[in-house]
Amino acid sequence: MPHYAIVIDLNRCIGCHGCEIACKNENGIALGEDWNKVIDRGPFGDYPDLEMYYLPVMCQQCQNSPCTNVCPTGASYRDENTNVVLVNKEICIGCKYCMMACPYGVRAWNEEERVVEKCTLCSHLTVTGELPMCVRTCSAGARFYGDIDDPESDAAQALAAADEDSIHTLRESGNSPATHYILSPSRAAWKEGV
Amino acid sequence: MEIQWSLVLFTVLSGMGAWLAACIGIEEFRGKQRKVALPGSILAVVLLAIGGIISVSHLAHPLRVVAALSHPAPGIFLEALLLGILAVVIIIYAVLVAREISPAVRKVLGILMVLLAIAFTFACGSSYMMASRPAWNTILLPLAYLGTACASGTALALAMAAIRKEEEAAIKRAALFTVVGGIVAIITTVAYGAVSGSFESEGTLLILGCVVCGGIVPTVCGALALKRPNDAQMLGVIALICGVIGAISLRALMWIMGTPLDDYFGVEI
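For the protein sequence lines, the chains are A and B, in the order given.
This note's numbering puts the first residue of the first sequence at 1, with every later residue one more than the last.
This note's numbering puts the first residue of the second sequence at 195, with every later residue one more than the last.
Heads up, some of the hints might be wrong.
[As the list claims (entries may be wrong)] Calculated from the model, a selection of chain A residues having no Cβ within reach of chain B, i.e. all distances over 12 Å:
#1 N27
#2 D34
#3 M52
#4 Q60
#5 P72
#6 V84
#7 T120
#8 T126
#9 S139
#10 D149
#11 Q157
#12 L159
#13 S166
[Unchecked claim] If you want the footprint, here are the derived chain A segments under chain B, 3+ residues with CB under 8 Å:
#14 38 to 50
#15 87 to 94
#16 169 to 178
What the hints contain is simulated information worked out from the structure, not anything from laboratory work.
Don't be surprised by glycine CBs; every beta carbon is placed ideally from N, CA and C.
Use the sequences and the hints to build the structure in full.
So this is what it looks like as structure tokens:
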């Protein structure tokens, strides 16, 4: 099965929050709710040896996804064709069990529809061969989308081009996030946790 | 993390009902009809039902709840399944008691009530065991759920035995159950509090509430009732009230301590 995910080159990310805005516009996300958020990491260290970076965070498309494992109705599920973790809002009962199970707190509560939502990797766009809106609009060219197991994909090629010690994932607890980050030690040291 | 009161009350009430049924199930082995058996069974089912209804109120779309039963998965499905089976077993038992028939079957149902009470109250806590919430991801959490439900349920059984004016030997046995329930609550809540770091956090008062109200007071009340069965009604009610407060405290503590591994969006659940 493919593992579609986004690879983000943090060496390039300028923290403009453009991906957040593009995501909100494309998916009609209400004020106060997020599917994608850019977090300031740092500054760390002592003056003048300071460093910081920007960390865009969204659903990490975990390969062992706790959200789909706990969902009592199957509303949180994996698409049988793409293997992408999605939410079927029609059968979501709003128990928020998946929000509890997410190790990163990156699921959103749609106050109007009273259901859980999250990043879909813009499945409505990728199904026709387009890129997720955050990838398409990233002004720094820092985001890459594709099957990380497919050497031909943009995401896999971005990872292949990076040094091994520059490739990171968010701290995990057995969930194996498919989303990867590239951050060179010369740019900043990777920091675990929030 | 925000306390989910509907889920707190669900497990407190249904857990208490389950352990009331367990006490009745154990007492069935006396082989004699007891005054508590029928009203206690009815009350147990009522508590399970009220707890179940309250839990559904937690859902944003309660009308879609049937979908939860169509997708077997650990957690909510298992809780609902065990609650339903336990309620059916108690109802069948109550019918047999009311008709004063089938003592052998009643004994089997009594054993089932005990086993299901253990399984159900454990399952209610085990639903929250998830690696994403470090303070929840310990087997001591479901054991503490079980322990506090045991203390409040046995205290309710003591209060009922005294109110229904059971014979002294029966009241003393109910008092002994309350002592055991209280000790189980003390051990499990102290263990969970220590492992989850609750004693050194904003949850300190709540964990102390769990241990003192949920465990120590029922234990002391049960021990006093053993010595003074005539005061069992007052002692049972005190043990019951404190047992319920302790059970609520544990569950409220769990929600307060339940922060994600890394909370990037900071969304309140």
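Status of the hints after comparison with the structure:
no., hint, in the structure
1, N27, "holds, 15 Å"
2, D34, "violated, 6 Å"
3, M52, "holds, 16 Å"
4, Q60, "violated, 10 Å"
5, P72, "violated, 4 Å"
6, V84, "holds, 19 Å"
7, T120, "holds, 16 Å"
8, T126, "holds, 23 Å"
9, S139, "holds, 22 Å"
10, D149, "holds, 24 Å"
11, Q157, "holds, 27 Å"
12, L159, "holds, 22 Å"
13, S166, "holds, 20 Å"
14, 38 to 50, "violated (count 1)"
15, 87 to 94, "holds (count 4)"
16, 169 to 178, "holds (count 5)"
Violated hints, listed in ascending order, are 2, 4, 5, 14; each of the other numbered hints is respected by the structure.
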